[in-house]
Amino acid sequence: MDNQSTFKWVHGVVALSVSLVLLGIAPRTESHFYITNFICNILYIPEYPALVSRHTALDFSGWYSDKNSLITRINGLTRENEKLRMLNAEIVTQKILIDETRDLESAKVILRAPTVWWNEIRINAGKKDGLTVGGAVFKEGYLVGRISFVEEDSARVELITSSSLMLPAVVEETRDIGVICGDGEGNVWLQFIPENRGIEREMNISTALVGDKLPSGLRIGKISEESSISPNGFHSIRINIGADMSRLYSVDYKKITGRRR
Amino acid sequence: MIFNSVLSWYIQDILAVLTFDALLVPDIFLLCILYNKFSDFSRDQGYEILLLWVLFLGGILWDLRWIEIPGIYAFVYTGTFLCATWIWSLFPESGHTAIIVYIILWISQLPGFFTGLFLWNVEAEHYLRSMLICQAYSIPLAAVFSLLYARKLKLKNA
Chain Y
0 MDNQSTFKWV HGVVALSVSL VLLGIAPRTE SHFYITNFIC NILYIPEYPA LVSRHTALDF
60 SGWYSDKNSL ITRINGLTRE NEKLRMLNAE IVTQKILIDE TRDLESAKVI LRAPTVWWNE
120 IRINAGKKDG LTVGGAVFKE GYLVGRISFV EEDSARVELI TSSSLMLPAV VEETRDIGVI
180 CGDGEGNVWL QFIPENRGIE REMNISTALV GDKLPSGLRI GKISEESSIS PNGFHSIRIN
240 IGADMSRLYS VDYKKITGRR R
Chain B
0 MIFNSVLSWY IQDILAVLTF DALLVPDIFL LCILYNKFSD FSRDQGYEIL LLWVLFLGGI
60 LWDLRWIEIP GIYAFVYTGT FLCATWIWSL FPESGHTAII VYIILWISQL PGFFTGLFLW
120 NVEAEHYLRS MLICQAYSIP LAAVFSLLYA RKLKLKNA
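Residue numbers (numbering that gives the first Met the number 0), protein chains in the order written: chain Y, 0 to 260; chain B, 0 to 157.
Don't take every hint at face value.
[To be verified] Here are some chain Y residues pointing at chain B (derived, C-beta under 7 angstroms):
{"#": "1", "residue": "G11"}
{"#": "2", "residue": "A14"}
{"#": "3", "residue": "L15"}
{"#": "4", "residue": "L21"}
{"#": "5", "residue": "L22"}
{"#": "6", "residue": "A25"}
{"#": "7", "residue": "L42"}
{"#": "8", "residue": "A49"}
{"#": "9", "residue": "R53"}
{"#": "10", "residue": "S245"}
{"#": "11", "residue": "R246"}
What the hints contain is simulated information worked out from the structure, not anything from laboratory work.
Just so we're clear, the structure is a prediction, and the values are computed from it rather than from any experiment.
Cβ coordinates follow ideal geometry from the N, Cα and C atoms, glycine included.
Using the sequences and the accompanying hints, generate a full structural model.
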């Protein structure tokens, strides 16, 4: 080892010793805090671009995560709102149903001609019983038709299986509105429903937006599996009618009195 | 040399500011000083002593900026430098290859890393993750500096 090399090692040992001395002294004095602050203040200037970049990146990531959490929250609230709307609609429907099916009068079917078997029936109640044209007729709590013609002692009921009776209806679970129409052969179809609306079997169908004599929320039936797509892209979905249309010996109607008449 | 050292210290500091984690910042400053030592083919001892004190001052500055206790990294850097130069001196001049430079530079990152683990009280379950991160930067950095050395050696021999 030459002198130069020895000299280097002496410097190395001195540097290590100074480090150890500083390490030993520093925790016992407070002066190095002033030096630290001084150094940090000086370095603040060259570090400033990095600090700004870091804060900008943190702000951006914070903004991004806030945005994501807001979107998640909005989606959650939207789902909750939809559920509440459906629940509210169901409550309104039930209320209407209770109102409409309360104090129902019964009438016997006195004529069901084979030629218009799925289109029309005649019942033994008429004007004197408070029936008016357009009134709803029920069987087992489900809508089976509406009064089409009233005489003093009898009335004609146009059945929902008739191809000439078209009624606005709503799918209660999805709140999609379409039109129900019979085919004159015992089937009833819910028409004009757009594709991919998530309509499934056993969903409930009730009347919608018909008018004063035939209010919304009257139960009609449930969605069947069978469906077809019309050339214009809308769905026609077959409905299982709630009432047994093959055993219409009697029907129920609501007597319209006073102000409503 | 002074400019390179200051620049490497500044880059190391900026990385620490950006990540706010001085533990996981590579010791670029130490690597740069060691590279300067290895690539000095004149074997000037005065230059080596100058590098030693520059490294010591850089270590003190790093301690004051990030540790608040002066002496820790000054000791680690100086000790690592002395060990590295001693190992380097064990090889004959023909053995001063880029591979040896790479190995020494790679291993020289470990003392600083373990000191950081000790100072920051890193929990045992994070050792492996920290080690992997350390290797992720120390291996390529050592490779870069050894490639620079290889280039300089080639120019010298040309």
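Checking hints one by one. Is Y:S245 an interface residue toward chain B, by the C-beta closer than 7 angstroms rule? This hint is violated: Y:S245 lies away from chain B, its Cβ roughly 73 angstroms from the closest one there, beyond 7 angstroms.
Hint check, Y:R246 versus chain B [nearest Cβ-Cβ separation less than 7 angstroms]: Nearest chain B Cβ about 74 angstroms off; hint violated.
Quick check on the hint: Y:A14 CB to chain B CB, less than 7 angstroms? Holds: closest Cβ of chain B sits about 4 angstroms from Y:A14, inside 7 angstroms.
Does the CB of Y:A49 sit less than 7 angstroms away from some CB of chain B? holds (4 angstroms)
Given Y:L22 was flagged as interface, is its beta-carbon under 7 angstroms from a beta-carbon of chain B? Holds - the Cβ of Y:L22 comes within 7 angstroms of chain B, reaching about 3 angstroms at its closest.
Against chain B, with CB atoms and a cut of 7 angstroms, does the hint on Y:R53 hold up? holds (5 angstroms)
Hey, does the Y:L21 contact hint survive, CB to chain B under 7 angstroms? At about 4 angstroms, which falls below the 7 angstroms cut-off, the nearest Cβ of chain B leaves the hint on Y:L21 intact, so it holds.
Should the interface hint for Y:G11 be scored as holding, given a Cβ-Cβ cut-off of 7 angstroms against chain B? holds (4 angstroms)
Supplied contact hint for Y:A25, tested at 7 angstroms Cβ to chain B: holds (5 angstroms)
Holds or violated: is there a CB of chain B closer than 7 angstroms to the CB of Y:L42? At 6 angstroms from the nearest chain B Cβ, Y:L42 passes the 7 angstroms test, so the hint holds.
Using Cβ atoms only, decide whether Y:L15 comes closer than 7 angstroms to chain B, and label the hint accordingly. holds (5 angstroms)
Hints 10, 11 from the list above are not met by this structure, while the remaining hints are.
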